Structure formats: C-alpha cells, structure tokens
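There are 4 protein chains.
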Amino acid sequence: MGLSGAVMAKDSAPVVSTNVTEAEVLAAQQAWGNALVQISQDFEKGGFEKAKQTANAVLDAAYGYNMGPVLFKPTLTVAPQTFRTTKEGALAYFVGGDKNYASDTGFALKGWRKVDVKNVGIHLHGNTATSMGNVSITDKNGKVTTVDKTWGYVKDNAGNLRIVLHHSSLPYSPK
Amino acid sequence: MGLSGAVMAKDSAPVVSTNVTEAEVLAAQQAWGNALVQISQDFEKGGFEKAKQTANAVLDAAYGYNMGPVLFKPTLTVAPQTFRTTKEGALAYFVGGDKNYASDTGFALKGWRKVDVKNVGIHLHGNTATSMGNVSITDKNGKVTTVDKTWGYVKDNAGNLRIVLHHSSLPYSPK
Amino acid sequence: MGLSGAVMAKDSAPVVSTNVTEAEVLAAQQAWGNALVQISQDFEKGGFEKAKQTANAVLDAAYGYNMGPVLFKPTLTVAPQTFRTTKEGALAYFVGGDKNYASDTGFALKGWRKVDVKNVGIHLHGNTATSMGNVSITDKNGKVTTVDKTWGYVKDNAGNLRIVLHHSSLPYSPK
Amino acid sequence: MGLSGAVMAKDSAPVVSTNVTEAEVLAAQQAWGNALVQISQDFEKGGFEKAKQTANAVLDAAYGYNMGPVLFKPTLTVAPQTFRTTKEGALAYFVGGDKNYASDTGFALKGWRKVDVKNVGIHLHGNTATSMGNVSITDKNGKVTTVDKTWGYVKDNAGNLRIVLHHSSLPYSPK
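Protein chains in written order, with the numbering used here: chain A, 1121 to 1295; chain B, 1121 to 1295; chain C, 1121 to 1295; chain D, 1121 to 1295.
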C-alpha cells in the first residue's frame, strides 16, 4: 500500500492529511472526461475489444467498485437495470456487448471528442467529496449533449480519488 | 448547541460517535416523505401561505442551507435555474409563487399522499452519508410517479441529519 | 446554528469544506496558550472567582464537553482521578477549590506568562485533527516547564475547533 | 487493494461503511497487547533477531508508518528522541539494539506476559478513532506496570485499523 496522506513540511512539523482538496476533485473530473474521449478513440482505432479493455481499466482505476457497490445511475439506463452498482453493469453501460444488459448500446463508443464540466458546487468532507453541475460532451460531428451530473468521491490509501457515487440525468423537458 | 455525538455506555467506557448510521438515513428518508405529504395536506387545508410556512420549516430543519450552498437538482427544474443551491430556490421549487422562479408551479402542492423509498445502496462515511434508489410518490388519485434519487446527508452538532445533496430525475425514456 | 463549512468562491463553483486546516490547529493551540496565561493573570488581578469564571468560559468555548466525554489526561492528576472526562473535573484541575477533587491545587493559577508549542506532527482527518509535540510554559519567575502533549480537535458547526482529546505528561526521567 | 468498506445486506439495500466501530477499537487494543507479549516470548525463545523480526512485522501491520509520520510518544523515551515519528524510531524503542537510539533498551523485551486495557472513553469519527485509558502490563514475575495511554487509529482500505497516534506516560507522582 502506498502513502495514504499528503505530507507537507511546514514550519518544523510535518502535516499528514487524508482530506480531499478542490484541486483533486477538478483533476478527477478532467480525468473522467479524458477517459470517455479515450474510449471513443480506442473504439474507432482499435475496435470493440480495445475499447472494452480501456473501459475496464478506467473502471478499475477511477471508480470504487473495489470498495463495494457503487451508487451509479448512468444517463441512459432503463428499469429494471437503471442502477449499475456492480462493475459488470458499469462496463456494459460504457461499451455494450453484454447480453445480460441487452438494452446497452455502449455510451462511451459514440464518438466523443470533448468533455466540459461546469460545477455549481463542490463539498469537501474528509476523505470524501461530492460535486454537482452540468457536463457537456461533444461528439465528432460537433453535437453537444449536456447532462445534470452528481459525483461522489472517496480518496483511497494510494491518494487516488475513486468515484463511489455517480448520478447522471438528461435535463427535464416540460411537455 | 446540543449533543454532537451519541454516547453509548458499553463495558465501562463511554463511546462518543459522530458517525451516521443506516437507521438515521432511513429515518431521514421517511421524514422527507412525510414532509412532502404534509405540505400537500397543509396546502389543501390551509392554503398557499400555510403550505409555504411548512415548506420553509422543512427546509430549515431537514436541509443544510445553514451550512452553505446545497447541491440540489430537483426533478422538474429547467435551465438556467436547474440547480437550487439557495434556500430561496428550493422553497420556490416546493411551493411556487416566487416571481424570481417563474417556471416553478409548486411541486409539493400536487396532492401527494404517500412516499416510498427503495434504496439500491447506502454509503456511510463519518458524519456524512449518501443514498441512491427509487422514490415513488402517490397522489390523491392514486397515480404513482417514480424518480431516480440521490441524497447526501451531513449530521449536525445537534445530531440531526441534514440534506446537503439531492439529485432527482425522471427515468430515462428511450425515444 | 451558524455556518458549518467555509465557503470559498473559486472559478465559478462555491466550495463547502468541513475539513480542519493546519492553520486552524495552530490557531487553536495559540488560543489554548493565551487562555492559560489569561487565567493566571485574572487570578492575580481578580482573585479566585474571576479566574474560575474565565476558566469556565474557556472550557465552554475551547473544549468539547458539550459533545460528550472529553478524553483529558492533565499533566499532574493522580489516580483514581487521573482522567477528567467531565467539565467539572477539568475545571477543578485548572483552578482547584473543588472538594470533590481534593488533590487539585489549580494548575492554571501558577503565574503562567508564556506558552510555546513545538509540534512534531499534525494529522488532519476531515472535521477532526490531532497534534503531538512539546509545550513549554514559562511562569512569572522565568521558570520553564516542558510537557509532552497530544491534542485532538473536532470542528463544530460554528466553525470552531474544540478540544476533545488532551493527553499531557511530564517527560520521563530515568532513575 | 482489498475491500475498503464493510458491506452489510439489510432490507434490500447494501450498506457500505468506512466507519470504525467500537468493536474494531477493542480488537485493535487487544491485538496490541498480544503483540507485546509475543515479542517478549519470541525474545526469550528465539533471541534478539527473532524478536526484532516480530516487532518489525507488528509495526508494518498495526501502525500507520506507511501513511506518514506517526504521532508516537512512547512511555520511556527521553529528549531529544522523545517522539518516534518514524518506523525506525519505533522499532528501536521496542527492541533496542540501534546505535542511533542509544538510550533504548528494548521495552518489548522485558518479559511481558499479560496486557489489560481499561478505557475511560472511545471516540469514533468516520474512518478514525481515538481511545484513552489505563493499560496495565504484567511481567513474568507478576509485577504490574500501569500507564496512561492514548491511541489514535485510521482504518485503511483493507479494513485494518492502524495506530497513527500513541501517547503513553507513567502516572504523575507528586513529590
């Protein structure tokens, strides 16, 4: 196991902190966007298996499925498979191709090129943090999709933020 | 200020805990449902002002607007007023009648009679907790509306859970 | 109840943090030292009742007895009253004059003039923090007493650090 | 990395908690006592190298030196080496034989047979906990030494409590 806390030498006393910082939240959000674009590009250049491999690695590195069920409500899932608390369910959502999740068509494979995050607020509570805001994703044709998104993070002993909560939804449209 | 931690006498040593328990989360969820029904009933019996008074009291007691901006994405809000990080915005959503939030019609006034919460998972991290799942609300005509809902709580020094994060969305409907 | 979290406007998104900072720990340590000197001075100028009143106010403001039993092992207490988990026990230690704590002679009344804190480390975990190091206190005759000291803090909803753990001991003297 | 949180199936929703429980604190205290006795016995049966190996393993498993400086004030250390914030300093205290810590004679090698912990209080704050009380250790001749002791713990991602704070002192003796 690596370092759990950042050690900062100030005055003469070292400070060990397990707290999440705003900068770490912003970096984790950017990493999520980069990963989504990467999966799309890997799909275009390397095909389904390559994309699936990347998505799998992203889930291992950036989500907290190793810590227990993740509270994940993806944008486009439908009942009775709305919530993807297992890694298998999350992987199916991102790349599809899983007969146990027949309605999934691979959200991450849709030619994404750019991800912009606009937070309305960030909460920092010890080794956890939450954020809420809009995330806008642009595809290869320049079409932008904006969703309402909540993320929750836990910092692990290696100092990495892991997504343990992710609620994404299309904006409400009055009929 | 009241007691911050529950003190339990076990063996000979008292235990002070500031941690949120599952039971406290379930109780807070039930209290939210009861409050929604109460506002509807107060509206029917006592009119708008009575309902607004109740909604105001609910926001003061059950939400964390006294702690800073709340990460609140109600079910039916639209841009540019999607997120209601202030108490004023939350109150407008629940009871309407605020010219600064002209699209709000008063979500809590729609004759709600029953609220059922079905969690898919609860996370406990110190004096904070999150939950995700479906919430089904039944109106006076027996019509049921089910939403996908995430709540985040912080326990205050008086031992009360306060909602500091609330993301609610209608289920995705493939076209 | 006041503000629980510091709100910092950065970029466009407000950040709410309930985490303790190193600066807050250092300020709380300095405040403890100032309070000790104040009690001594109040005793000299205003007598026992004045000193007791000040000590009482310090315990209310800077310790967490309102949150439950405080883990307090003062420097000079003896069994069976070594630990002062109640406010009454802490007050007796600081100013004496309590027949229930007959061995207490009023530690804070000994003419203290200066307090220096030299930390060997500070740990920050969410709304709690701990520190360890040497504390040197100088009396009116210039005599310096150095103790080994551990403090534990919890930040309350008003944003104040409260001492919930305090272990103080004279340096070990090999015979 | 293993499981970070205990997952408990209750009702239909799994609960993930990273919080420390009282039972975990009591178990960690007992494990500390057992480890002290083990080192003594390994010394008697296997000699210095065997004892040192065991002490090293105990420090790796039960202390948080892998997370940064540990706030450790052992019972019998003297200035300027009072505090043992590094693993090397802790190991020297327990088994001696380190020329960089010439005053250490190996506290854990003194024929310890039994350890009793009597807490005056335990505080639980998320994935951290603190305890204070008396620890009485009995040697092979039946002699009992009682110290005032504070422990602070952090639960790591594998679910193990690690000591990150340890302040031990002999009872104050009025002259």
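One thing to keep in mind: the hints can contain errors.
If chains are identical, the list can't say which one is meant, so a pair holds when it fits in one copy or spans any two.
Stated by the list, open to error - Once the Cα atoms are required to be at most 25 Å apart in a straight line, the calculated BS3-like pairs of lysine-lysine come out as:
| hint | residue 1 | residue 2 |
| --- | --- | --- |
| 1 | Lys1295 | Lys1230 |
| 2 | Lys1295 | Lys1170 |
| 3 | Lys1219 | Lys1260 |
| 4 | Lys1295 | Lys1165 |
| 5 | Lys1207 | Lys1230 |
| 6 | Lys1238 | Lys1165 |
| 7 | Lys1238 | Lys1170 |
| 8 | Lys1219 | Lys1170 |
| 9 | Lys1207 | Lys1260 |
| 10 | Lys1263 | Lys1207 |
| 11 | Lys1260 | Lys1295 |
| 12 | Lys1234 | Lys1219 |
| 13 | Lys1219 | Lys1295 |
| 14 | Lys1263 | Lys1219 |
| 15 | Lys1165 | Lys1260 |
Everything labelled a hint here was simulated from the structure, so no lab data went into it. Here the structure is a predicted model, which means the values were calculated and not measured.
Against which earlier hints does the structure fall short, listed by number upward? 2, 3, 4, 6, 7, 9, 10, 12 and 14
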